[in-house]
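Number of protein chains: 2
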Amino acid sequence: MPSYKAPVDDTLFLLNDVLNFQRFGNLPGFADVTPDVLSQILLEAGKICEEALAPLNQIGDEKGCKRHDDASVSTPPGFKEAHDAFAQGGWISLAVPEEYGGQGLPYTLSMAMNEFASSANMSFAMYPGLTQGALAALLRHGDDEQKKLYVPKMAEGRWSGTMNLTEPQCGTDLGLLTTKATPRGDGSYSITGQKIFISAGEHDLTENIVHLVLARIEGAPAGVKGISLFVVPKFLVDGDGALGPRNGVSCGSIEKKMGIHGNATCVMNYDGAQGFLVGEANRGLNAMFVMMNEARLGVAMQGLAQSEVAYQNAAQYAKERLQGRALSGPKDPGKPADPIIVHPDVRRMLLEMKAFNEAARGFALSAALDSDIAHRSDDAASRQAAEDRLGLLTPVLKGVLTDLGFENTVKAQQVLGGHGYIREWGMEQFVRDARICMIYEGANGIQALDLVGRKLPRDGGRAIMAYFKDTAELLAPFESDEAMKSFAAPVKAALDDLQKATMWLMQNAMAKPDNAGAASYDYMHLFGRVALGVMWVKIAQAAMAIKAQEPERAGLMDAKLLTARFYMERMLPETRLRLTRISTGADTMMSLPEEMF
Amino acid sequence: MPSYKAPVDDTLFLLNDVLNFQRFGNLPGFADVTPDVLSQILLEAGKICEEALAPLNQIGDEKGCKRHDDASVSTPPGFKEAHDAFAQGGWISLAVPEEYGGQGLPYTLSMAMNEFASSANMSFAMYPGLTQGALAALLRHGDDEQKKLYVPKMAEGRWSGTMNLTEPQCGTDLGLLTTKATPRGDGSYSITGQKIFISAGEHDLTENIVHLVLARIEGAPAGVKGISLFVVPKFLVDGDGALGPRNGVSCGSIEKKMGIHGNATCVMNYDGAQGFLVGEANRGLNAMFVMMNEARLGVAMQGLAQSEVAYQNAAQYAKERLQGRALSGPKDPGKPADPIIVHPDVRRMLLEMKAFNEAARGFALSAALDSDIAHRSDDAASRQAAEDRLGLLTPVLKGVLTDLGFENTVKAQQVLGGHGYIREWGMEQFVRDARICMIYEGANGIQALDLVGRKLPRDGGRAIMAYFKDTAELLAPFESDEAMKSFAAPVKAALDDLQKATMWLMQNAMAKPDNAGAASYDYMHLFGRVALGVMWVKIAQAAMAIKAQEPERAGLMDAKLLTARFYMERMLPETRLRLTRISTGADTMMSLPEEMF
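One line per chain: the protein sequences are A and B, in this order.
Counted from 1, the first sequence has number 220 at position 220 by full-length UniProt numbering; the numbering is strictly sequential.
Counted from 1, the second sequence has number 65 at position 65 by full-length UniProt numbering; the numbering is strictly sequential.
In short, the hints are calculated from the structure, not lab data.
Hints should not be assumed to be uniformly reliable.
Heads up, the list lumps identical chains together, so a pair's fine if it works in one copy or across two of them.
Said to hold, decoys possible - The calculated DSSO-like cross-link candidates involving lysine-lysine, where the alpha carbons are at most 30 Å apart (straight line), are: (1) Lys153 x Lys512; (2) Lys485 x Lys80; (3) Lys256 x Lys180; (4) Lys500 x Lys485.
When you get a sec, could you build the whole thing from the sequences and use the hints?
Pasting the structure below:
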């Protein structure tokens with residue numbers, strides 16, 4: 001069975017030493033989180049993930065979810081108890097405002113916990129994860145009554161949440177959505193239609209399930225401008241929150257899929273179910289985007305989380321598996337062979353994972369901090385800047401952390417050779433589970449289009465211009481810093497590539513949008529390499545400062561600096577290749593006649 | 001259910017128009033294969049794969065193999081009938097010499113058939129594939145009696161073959177092998193030990209199973225120089241080939257694994273089983289290498305095969321799935337949405353697969369032709385040159401075709417979005433099945449080390465020098481050819497990168513072998529991009545000639561030229577990145593202390 005140890009120390013290093021968590025003390029919810037409290041919360045978070053969730057990961061994969069003839073769904077053995085413990089630990093309500101029964105703590109802590117939980121058991125973590133997404137949408141767009149009715153029970157973990165977008169004919173293109181909402185005359189609606197791929201759509205973990213559903217009110221305009229958001233509880237709820245009769249929504253079947261077997265992916269049939277409008281009519285997509293943006297960061301974390309747990313097990317194996325001898329001569333002549341970690345190519349694989357994991361964690365946590373600033377700061381300019389950054393970087397995080405996260409699970413599996421392919425070792429489950437992250441919450445190609453087509457041009461390019469300016473300002477002082485130069489200079493060169501690519505888009509995509517489409521995926525990855533490089537510069541800066549002041553942490557900090565160097569030497573140079581590809585444009589690929597594919 | 005259409009036309013184009021198959025008419029077995037016969041054989045090959053094997057692929061995955069209490073193993077429903085049909089069609093014995101009941105046809109045809117069969121049903125194709133590998137080893141290293149006893153029955157498909165190398169403590173490092181061989185005094189040996197990961201180790205497809213087993217004769221030297229090869233039939237065989245009593249070998253269990261569920265991966269227990277030495281004592285590794293080299297080409301074909309079938313289904317889906325509108329405006333305004341193939345990023349994914357598949361097929365078939373030359377030519381210089389090329393390129397083929405083949409299955413799955421993750425669509429099976437190709441027959445990291453550590457320096461670098469010379473000679477005339485220049489010039493630049501990388505290795509790896517290890521994986525992929533580029537140059541050359549002479553093929557040839565251009569613009573430039581990585585050496589990765597991983 002694979003093992004998992006939550007990277008509490010690394011998370012603390014990133015929050016405290018790299019991202020200066022304490023400087024946000026003026027934000028609501030932050031003041032109480034002193035370094036001691038922070039450390040205690042993360043240790044507790046790690047503990048429940050290691051002890052309660054990780055041991056259920058393989059069982060969940062093996063047993064999966066079962067739909068019974070009465071359309072009820074059982075989750076794998078142990079999931080119910082684990083969900084109770086998770087809810088009672090307050091992990092769902094961490095960032096929910098205190099007035100709704102939550103703890104009002106930073107969203108950033110919730111994100112850190114999401115990483116641990118997703119590493120330990122991604123299928124499980126999706127249940128509370130979806131609840132958190134639904135909570136965010138209700139808190140932002142629900143009216144007071146809806147908030148009072150649903151939020152406290154969901155925060156408590158007694159009720160869970162889902163998001164219902166996809167239909168058989170309507171995936172990426174939500175304009176094709178046909179689920180109908182008919183006014184009942186009492187202010188509520190009858191919802192009728194079929195939704196597919198609904199994660200956690202039906203299960204036995206909670207007393208009620210609160211579905212957030214996109215549907216089209218009769219007579220609404222066609223396309224995305226006629227879509228509204230509804231809350232549709234599995235059991236109807238009276239004004240006091242007591243459960244009433246079963247609503248007209250049920251699970252038609254659960255999908256057999258490649259991975260995340262422990263999470264029930266449901267076909268949900270709405271058959272005149274009573275639903276309640278959330279926010280304004282025909283503005284449902286806007287409301288759902290709140291949930292989707294939150295979910296995209298969550299999925300980015302899942303990508304990182306699978307990479308982290310896969311890495312841990314690969315590194316362990318590489319230190320223990322004796323096979324062959326070091327190229328430079330036996331390292332352990334007393335044993336029949338050396339551990340395979342003596343081999344450069346094994347170290348290459350491990351370092352590619354490690355250099356990703358540590359920077360990606362910093363990148364994601366920094367985005368979570370931006371989310372906290374955007375929602376909690378009382379300074380309009382700070383809010384705006386954070387929102388700009390978050391909007392710009394969310395597709396990069398989602399696309400890049402899940403692509404590279406998946407690749408890393410494949411690499412980690414490779415370290416184990418044949419054993420990596422055998423189920424009991426658990427490595428192949430990480431690959432199968434991680435694979436979904438590249439697809440759901442907007443396939444990564446859609447993230448790339450969102451970045452290039454929407455996020456770059458928005459507000460006259462304000463967000464990207466600010467990103468260029470901030471990054472240049474970060475790097476400038478290091479030009480004359482002997483120690484930092486070797487990290488900052490390659491990132492500066494990579495930033496130049498990103499700027500050139502952006503310029504190319506400005507010059508070539510307006511007149512010919514296909515050029516934007518053809519460039520989008522490479523642009524997203526180019527951006528990702530730069531962003532991870534920027535994080536390594538910040539980590540290196542922190543590591544040097546710590547080395548000078550705290551000799552007992554010098555060994556760990558040297559490891560950070562070596563990993564940063566590895567990133568600069570081997571991973572960052574990809575930006576040039578991406579720029580080269582981008583510059584070739586769309587002509588060749590668009591010229592091939594359809595029938596020649 | 002996914003569909004499959006064997007790429008017979010493309011294979012014919014490559015063999016006839018690009019590789020000039022007919023010019024090998026002087027080799028034994030080639031003369032009878034006129035263009036008509038060739039076409040007929042490939043059409044028949046395609047037919048049985050499409051009609052008999054492909055329909056069993058999902059069933060095989062779903063049902064898998066079962067080991068019963070008596071240690072017998074059942075294959076999935078339909079496999080036995082399909083194996084009979086495959087054998088009776090003469091597909092196992094295609095390249096076996098006529099004196100042993102085979103058809104003596106070119107090995108190249110067998111390889112083409114292997115691609116089709118592996119696309120249609122990889123788990124199934126492994127059974128006859130392993131028989132063919134065992135046949136090759138027996139034909140090369142067995143004595144006359146062994147050949148007469150085993151080969152005809154195996155060629156007929158009544159008996160099958162396996163290769164037994166791996167043990168729990170001994171994977172890549174065969175020196176650690178402990179399976180014992182004790183002389184019985186009658187010239188035979190008692191074999192005792194445990195082998196793991198034995199594909200097709202036990203099953204119900206054939207009357208007998210002929211195991212080729214590596215073991216150490218009592219008193220033999222330690223390490224790889226004390227390993228011998230034995231043939232150990234499941235049922236002992238009398239001098240006439242009649243089946244005798246059960247031998248002391250049995251299946252202890254079958255592995256649960258990520259994919260290839262239709263193939264039984266067995267733990268094989270040898271408990272004093274009677275075995276017969278093949279070739280010389282203590283020279284077993286040499287004999288096994290024949291089988292392994294053949295198997296490596298076969299695995300390369302599997303990588304391509306999975307990429308091909310995954311591509312076909314992704315392309316089909318992209319033409320049918322209506323979702324969103326073209327960036328340049330609606331392509332099909334009468335329908336609710338355009339097919340997703342209008343999107344540049346979808347085309348990018350499809351073209352990355354297509355540009356790989358078509359060149360990789362040419363690359364693999366050209367290696368198969370080299371194998372035919374090496375084994376059948378009566379001209380020593382030709383044999384030598386072909387053997388050199390084959391030795392050099394085998395690790396490149398195995399490593400690169402399986403890495404990119406797997407990546408392409410992931411890409412193809414991505415084209416289907418959420419449906420790609422659902423089992424019934426079949427795309428995720430291609431991913432799971434393709435994944436093993438990067439691991440077995442020498443993990444790809446081992447291929448890279450074999451290339452850099454063994455194949456490059458062998459015979460004073462004769463093979464790589466010849467490769468450089470041949471490629472330079474191919475490209476030189478195109479420098480002044482207006483039409484061909486745009487294909488040849490980028491390949492020339494990529495070849496320069498490969499030469500620089502080779503030079504870097506010569507200068508840096510002798511004194512410090514870790515530099516070779518650190519460079520090996522990138523070097524292998526750099527080489528692969530060049531080799532595929534060379535193939536695209538040859539394809540482009542053929543396409544232009546055909547365009548000029550056969551106007552009815554012009555459309556197809558234009559598609560070839562566009563795909564070649566796509567390769568040059570988007571895929572070949574990776575060589576520079578690989579060179580950059582190689583040049584950074586091993587220092588950084590070797591400096592990180594083991595405990596910091």
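How the hints compare with the structure:
Neither within a single protomer nor between protomers do Lys153 and Lys512 lie at most 30 Å apart by alpha-carbon distance, with minima of 50 Å and 64 Å respectively. Proximity of Lys485 to Lys80 under the C-alpha cut-off of 30 Å is found in neither arrangement, the shortest distances being 52 Å within a copy and 66 Å between copies. For the homomeric pair Lys256 and Lys180, the shortest alpha-carbon distance inside one copy (27 Å) is at most 30 Å, but the shortest distance between copies (45 Å) is not. Taking the shortest alpha-carbon separations for Lys500 and Lys485, both the intra-copy value of 22 Å and the inter-copy value of 28 Å come in at or below 30 Å.
In terms of the numbered hints stated before, the structure departs from hints 1 and 2, listed from lowest to highest.
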